[in-house]
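Going line by line, the protein sequences match chains Z and R. Under UniProt numbering, the residues of the first sequence are numbered 1 to 190, in order. Under UniProt numbering, the residues of the second sequence are numbered 1 to 190, in order.
These aren't lab readings, by the way, just hints derived from the structure by calculation. Take these hints with a grain of salt, some might be off.
[Claimed, not checked] Think about it this way: if two alpha-carbon atoms lie no more than 27 Å apart in a straight line, the pair counts; the simulated BS3-like pairs of lysine-lysine are:
| hint | chain 1 | residue 1 | chain 2 | residue 2 |
| --- | --- | --- | --- | --- |
| 1 | Z | LYS21 | R | LYS119 |
| 2 | R | LYS21 | Z | LYS111 |
| 3 | Z | LYS21 | R | LYS2 |
| 4 | Z | LYS80 | R | LYS50 |
| 5 | R | LYS171 | R | LYS111 |
| 6 | R | LYS2 | R | LYS171 |
| 7 | R | LYS134 | Z | LYS81 |
| 8 | R | LYS95 | R | LYS171 |
| 9 | Z | LYS80 | Z | LYS112 |
| 10 | Z | LYS21 | R | LYS81 |
| 11 | R | LYS21 | Z | LYS80 |
| 12 | R | LYS80 | Z | LYS81 |
| 13 | Z | LYS111 | Z | LYS50 |
| 14 | R | LYS81 | Z | LYS81 |
| 15 | Z | LYS80 | Z | LYS111 |
| 16 | R | LYS80 | R | LYS111 |
| 17 | R | LYS80 | R | LYS134 |
| 18 | Z | LYS81 | R | LYS21 |
| 19 | Z | LYS95 | Z | LYS167 |
| 20 | R | LYS81 | Z | LYS95 |
| 21 | Z | LYS80 | R | LYS81 |
| 22 | R | LYS112 | Z | LYS2 |
| 23 | Z | LYS21 | R | LYS111 |
| 24 | Z | LYS21 | R | LYS80 |
| 25 | R | LYS119 | R | LYS50 |
[What the hints assert, rightly or not] Okay, the calculated bits of chain R under chain Z, using three or more residues with CB under 8 Å as the criterion:
| hint | region |
| --- | --- |
| 26 | 28–39 |
| 27 | 55–62 |
| 28 | 73–79 |
| 29 | 105–118 |
Computed from a predicted model, the values in this text were never measured in an experiment. Cβ atoms here follow ideal geometry from the backbone N, Cα and C, with glycine treated the same way.
2 protein chains.
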Amino acid sequence: MKLLEDRILSDGEVIGGKILKVSNFLNHQIDVAFLDQLAQEWKNRFSGSKITKVLTIESSGIAIGASLARALEVPLVFAKKHQSSNVNEEVYSSKIYSFTHDQYYNVVVSKKYILPGDKILLADDFLANGNALKGLIEICKGAGAEVVGAACAIEKGFQNGGDQLRKAGIKVESLAIIEKMDSNGIEFRK
Amino acid sequence: MKLLEDRILSDGEVIGGKILKVSNFLNHQIDVAFLDQLAQEWKNRFSGSKITKVLTIESSGIAIGASLARALEVPLVFAKKHQSSNVNEEVYSSKIYSFTHDQYYNVVVSKKYILPGDKILLADDFLANGNALKGLIEICKGAGAEVVGAACAIEKGFQNGGDQLRKAGIKVESLAIIEKMDSNGIEFRK
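Only chain Z is shown next, with the shape it has when bound in the complex:
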């Protein structure tokens, strides 16, 4: 999506060739009107899917998830992160490895909020190795809910999470896919 690619080029910052900072519009300071435009694009790409809920993970997925839930007129559910493995029978949980923080954490969702028969659209700000989405997919499976697809803002195409998920049959709609980035610039997938 050209709108997002242009914003990344104008406002994003590549640090050390590996990290893309977009904290001035996506995940620290948030341009809500801009997220609403992304949400409209996802709404078009998932039209006809009869989505019943949007599911994301705290924290940086919440604002995107809220824009998406608003556009689709469905509730937003966000999975909570716990460092402890102290989960109980009232929640679905999944263990996720975070490369960013080099640690495992549990994500949990109350069994009240993901129900058998739900048609779930996953949402997140970034997609790199795909571990967060895989955790959410595991939670949906545990609940007997259907994963309609995943709405990600920025995909690091040079890591392989998005393509792995597509191969596994998940409809992954990333609005900007970065093929390559370094101090010279950012190259998007065409």
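Dock chain R against the given chain Z, drawing on the hints supplied.
Frame of chain Z; chain R shown alone:
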């Protein structure tokens, strides 16, 4: 605000007389359209304030903050929590004690996103002892920004954070103030 009080009465759950769970519409599953209605009420209550940014703390303030930022047509900034005291000169920080988790944590905001002259509306889902808001106020002071007020959904009036802040001159607008709650029910401040 009757809308929120009614929703708390119909969907809230008082646990052990002290904890109010509203996780089916406010801070786990989120009714975005409902938050938009709350945001309109705050917009009216802070009309004429020339707010430039909404500031909240991850995670449960983000969805409310996003609705509020949308209604006011300004950016949302969310402060990030760190358990470590490892903060640097690029951020404003404040140390907050959490009664819920019985631990101190740091909240940080990049110096890029709160500027001298900004007129900041604070936002959060709950107001109890007021520690989170006091931390955000300290951050705004450090930045030379003005705190226009605080928009909180649910205030536990029987703890004294809200009234302390009002005495200190902060315009605190909570949309439901609980005076008393126990297994028999919830009583709101009139």
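Now the hints, each set against the structure:
1. Z:LYS21 - R:LYS119: 25 Å, holds
2. R:LYS21 - Z:LYS111: 15 Å, holds
3. Z:LYS21 - R:LYS2: 42 Å, violated
4. Z:LYS80 - R:LYS50: 34 Å, violated
5. R:LYS171 - R:LYS111: Given pair R:LYS171, R:LYS111 holds - Cα atoms ~24 Å apart, limit 27 Å.
6. R:LYS2 - R:LYS171: 20 Å, holds
7. R:LYS134 - Z:LYS81: 25 Å, holds
8. R:LYS95 - R:LYS171: Holds - the C-alpha atoms of R:LYS171 and R:LYS95 are around 22 Å apart, at most 27 Å.
9. Z:LYS80 - Z:LYS112: With Cα atoms ~14 Å apart, Z:LYS80 and Z:LYS112 stay inside 27 Å; holds.
10. Z:LYS21 - R:LYS81: 18 Å, holds
11. R:LYS21 - Z:LYS80: Roughly 15 Å separates the two Cα atoms, so the pair holds.
12. R:LYS80 - Z:LYS81: 14 Å, holds
13. Z:LYS111 - Z:LYS50: 21 Å, holds
14. R:LYS81 - Z:LYS81: 13 Å, holds
15. Z:LYS80 - Z:LYS111: 13 Å, holds
16. R:LYS80 - R:LYS111: 13 Å, holds
17. R:LYS80 - R:LYS134: 15 Å, holds
18. Z:LYS81 - R:LYS21: Given that 27 Å is the threshold and the Cα spacing comes to 18 Å, the pair holds.
19. Z:LYS95 - Z:LYS167: Measuring from Cα to Cα gives roughly 22 Å; hence the hint holds.
20. R:LYS81 - Z:LYS95: Holds, at roughly 21 Å.
21. Z:LYS80 - R:LYS81: 14 Å, holds
22. R:LYS112 - Z:LYS2: 26 Å, holds
23. Z:LYS21 - R:LYS111: 15 Å, holds
24. Z:LYS21 - R:LYS80: 15 Å, holds
25. R:LYS119 - R:LYS50: 7 Å, holds
26. 28–39: holds (count 8)
27. 55–62: holds (count 3)
28. 73–79: holds (count 5)
29. 105–118: holds (count 4)
Checked against the numbered hints given earlier, this structure breaks hints 3, 4; the rest are met.
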